[in-house]
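There are 2 protein chains.
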Amino acid sequence: MAQNTFDRFYGVIPAGGVGTRLWPLSRAAAPKFLHDLTGSGSTLIRSTYDRLTPLAGERIMVVTGEVHRQAVCEQLPELDEQDLVLESEPKDSGAAIGLAAAILHRRDPETIMGSFAADQVVGPLDVFLEAVREAVHTAATGKIVTIGIRPTVPSTGFGYIRAGERLSIDDAPSATAVAEFVEKPSEDVARKYLASGDYLWNAGMFVAPTALMLKHLELNQPELYRGLDEIAAAWDTPQRDEVVARVWPTLPKIAIDYAVAEPAADAGDVAMVPGVFTWDDVGDFAAIGRLNPASENNHLTVLGDGARVYSDQASGVVVSDSKRVIALIGIDDVVVVDTPDALLVTTEDHAQQVKQAVETLKASGEVDVL
Amino acid sequence: MAQNTFDRFYGVIPAGGVGTRLWPLSRAAAPKFLHDLTGSGSTLIRSTYDRLTPLAGERIMVVTGEVHRQAVCEQLPELDEQDLVLESEPKDSGAAIGLAAAILHRRDPETIMGSFAADQVVGPLDVFLEAVREAVHTAATGKIVTIGIRPTVPSTGFGYIRAGERLSIDDAPSATAVAEFVEKPSEDVARKYLASGDYLWNAGMFVAPTALMLKHLELNQPELYRGLDEIAAAWDTPQRDEVVARVWPTLPKIAIDYAVAEPAADAGDVAMVPGVFTWDDVGDFAAIGRLNPASENNHLTVLGDGARVYSDQASGVVVSDSKRVIALIGIDDVVVVDTPDALLVTTEDHAQQVKQAVETLKASGEVDVL
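From first to last, the protein sequence lines are chains X and C. Sequential numbering of the first sequence, starting at 984, is according to the working numbering. Sequential numbering of the second sequence, starting at 984, is according to the working numbering.
Treat the hints with caution; some may be incorrect.
Claimed, not checked - Okay, derived cross-link-like pairs now, BS3-like style, lysine-lysine, Cα gap no bigger than 25 Å in a straight line:
1. Lys1338/X <-> Lys1167/X
2. Lys1236/X <-> Lys1167/X
3. Lys1236/C <-> Lys1175/C
4. Lys1306/X <-> Lys1338/C
5. Lys1306/C <-> Lys1306/X
6. Lys1338/X <-> Lys1306/C
7. Lys1306/C <-> Lys1345/X
8. Lys1306/X <-> Lys1236/X
9. Lys1236/X <-> Lys1345/X
10. Lys1198/X <-> Lys1236/X
11. Lys1345/C <-> Lys1306/X
12. Lys1306/C <-> Lys1167/C
Claimed, not checked - Residues of chain X placed beyond 10 Å of chain C at every Cβ, according to the derived structure:
13. Val1001
14. Pro1257
15. Ala1310
16. Asp1321
17. Ala1325
18. Thr1330
Said to hold, decoys possible - If you only want the chain C side, here are some residues facing chain X, beta carbon under 7 Å, derived:
19. Thr1233
20. Ile1237
21. Thr1330
No wet-lab data here; the hints were simulated from the structure. Quick caveat, the model's predicted, so the values are computed rather than measured. Note that beta-carbon positions come from the ideal geometry of N, C-alpha and C, so glycine has one too.
Throw the hints in and build the complete structure from the sequences for me.
Next up, the structure:
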């Protein structure tokens, strides 16, 4: 290798996705990654950035929507202008991660990128970093490496990755081949996956040489590849705006899993490093209950600076984004999300149904609160 | 008689009581009687006033707190200055109704007053008026007359009145004597009361010659009587403010039931006219559910102009005093009361516990929202 392996590493943080199931906390204008959902004092994107710096330093690129430029810059003041990639409109993860790969590849074709979504909760740090280190070493052997999460419950909310045979890579003792990616299973199937030990959660974490990412993108999504390559060629030139305005809107919308990971796995080019750290994509308010243990005294998880919550025989989750007094009386496993212009009252068991509520509100024209 | 019986009639509306169980809708600064709790388009005090005008015309006196002067005048623009009696501090119903009696008696000793609380829901109007007419005729024979409500359920939330023998009064065929007033019963006892047919709810409605009211007040609460008489003597003179400021704060706090009605009943001076109209004191949010039938489509009672409520598998009561979007998902018999600075989430079964929440908030110093 021309460089030390870790000198080649570049973090990429795709920061898209509204987090519809976290409405009304998460909004189009203030998506999930701009919130502190764990009471840590940091927003999810800030925590994601801080998690990568021990390995990447300031070599971290963020891909997000043009509308979030200001909020992201406030969260990440150290972010260099060249590391901020703004989408004029959302085009799914294939275009977002593909563009980062194409730009980084133009700047340095030896780059190994590591893509980690901006809205996940991970810990402890040292276990995460050890998995990323193994993934970088594995990627350096010419693999697209996904970090699979060792499941703790038979979740039906995540896709799974079936581990193949163990690879023999120096400095990556736990790396395996990937036999296949599988979609979100039924509960019965999820239970079998958990029992078998061969299936890990697909957390959407990818570490790979940009060259290999782009090779598979070109093979499987030639139109997307050509568009991204044209944009990347213009990116660090005065033509950027003109080319982006012309090409970006024409790009197909496709997830990176379908555009690259799954076909590359079929070609035998994907490896996996198991992650034994805690991981959650904070998909709904029930997750917030899991991630923020309730106080022993009142069985309530309360999230929000200066929340003024009174409870009597109540349990569940309260997210307070206002300074209002909230009184909860005689109600169990409740979810109350209080924001200045919208209020959600549901139960932990119905947390997934929030998505439909948002869709109905959108269809009814109540778009000012979405 | 010197006058036609109805020329002697004067309506009195005591408008006190915060309605703690209706927090956070009802507040110290915006008590129950200033709200429209039935979706009628009228506040309770406005409806109470309108209910009396067919019999009293504009001969209606309102007794309320000094702090509610402006709100009451906005609700009742036709109220004459001489018909507005303002309390500098609350002194319970004995002083409030007693002062009205004393002032009206000074102005015309032949007055028959009819006292009807400002925060009750009554209907239909013609049945109510017929009961009041009988009560006025009965009062004219020298009785304190209470209108008892024929119970429809074995309520443990109201006091009861046991009917005595039927009186023989022209124009008041249904009037009876009162055997006794009884306190709120246990559920078993309430069931017996309902079955017997002799027990009616005590709705706190009194029709009586002021002279007789004051006679019993003097007998049973001489200190209160003397204070009220001194204030009444000064009321329509320039000395009013000085005398009120000196005497009112010294008056004992006692309910009119104990100060007058119960001892007068023991003396055989109280009669009852049964009311077969619908009556509710709107004591809690469960009452609001009863009084405002849920929409057939979504099983939700929604109160509030411009409420923006989305519901999915939810039932109960929503009171919206804000313009926020409220989304309810998968929750039954819920009570959500949304105001600009305070939010209540409870269930219809726990509606009575709201009072304790308010007491705890008061003890915690959260008085800005009470």
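Going through the hints against the structure:
1. For the hint linking Lys1338/X to Lys1167/X, the alpha-carbon distance of about 17 Å falls within 25 Å, and the restraint holds.
2. Taken as a hint, the Lys1236/X and Lys1167/X pair is honoured in the structure, with Cα atoms around 20 Å apart against an allowance of 25 Å.
3. The straight-line distance between the Cα atoms of Lys1236/C and Lys1175/C is roughly 33 Å, outside the 25 Å bound, and the hint therefore fails.
4. The suggested pairing of Lys1306/X with Lys1338/C holds, with an alpha-carbon distance near 22 Å, which does not exceed 25 Å.
5. This hinted pair checks out: Lys1306/C and Lys1306/X have alpha carbons roughly 17 Å apart, not beyond 25 Å.
6. Restraint check for Lys1338/X and Lys1306/C: satisfied, since their Cα atoms lie roughly 22 Å apart, inside the 25 Å limit.
7. This hinted pair checks out: Lys1306/C and Lys1345/X have alpha carbons roughly 17 Å apart, not beyond 25 Å.
8. A hinted pair counts as satisfied when its Cα atoms are at most 25 Å apart, and Lys1306/X with Lys1236/X does not qualify at roughly 40 Å.
9. Taken as a hint, the Lys1236/X and Lys1345/X pair is honoured in the structure, with Cα atoms around 21 Å apart against an allowance of 25 Å.
10. Restraint check for Lys1198/X and Lys1236/X: the C-alpha separation of about 19 Å stays at or below 25 Å, so the hint holds.
11. Taken as a hint, the Lys1345/C and Lys1306/X pair is honoured in the structure, with Cα atoms around 17 Å apart against an allowance of 25 Å.
12. For the hint pairing Lys1306/C with Lys1167/C, the CA-to-CA distance comes to about 39 Å; that exceeds 25 Å, so the pair is violated.
13. No Cβ of chain C comes within 10 Å of the Cβ of Val1001/X; the nearest lies about 16 Å off, and the non-interface call holds.
14. Residue-level check passed: Pro1257/X sits 36 Å from the nearest beta carbon of chain C, beyond 10 Å.
15. Remark: the non-interface label on Ala1310/X conflicts with the geometry, its nearest Cβ contact in chain C lying 5 Å away (cut-off 10 Å).
16. Not every CB of chain C is more than 10 Å from the CB of Asp1321/X (nearest about 6 Å), against its label as outside the interface.
17. Residue-level check failed: Ala1325/X sits 4 Å from the nearest beta carbon of chain C, not beyond 10 Å.
18. A Cβ of chain C approaches the Cβ of Thr1330/X within 10 Å, the least distance being about 5 Å, so the stated non-interface status is violated.
19. For Thr1233/C, the interface hint is violated, the least distance from its beta-carbon to any beta-carbon of chain X being 36 Å, above 7 Å.
20. With its C-beta approaching chain X no nearer than about 31 Å, Ile1237/C sits outside the 7 Å limit, and its interface hint is violated.
21. Because the beta carbon of Thr1330/C sits about 5 Å from the nearest beta carbon in chain X, less than 7 Å, this interface hint is met.
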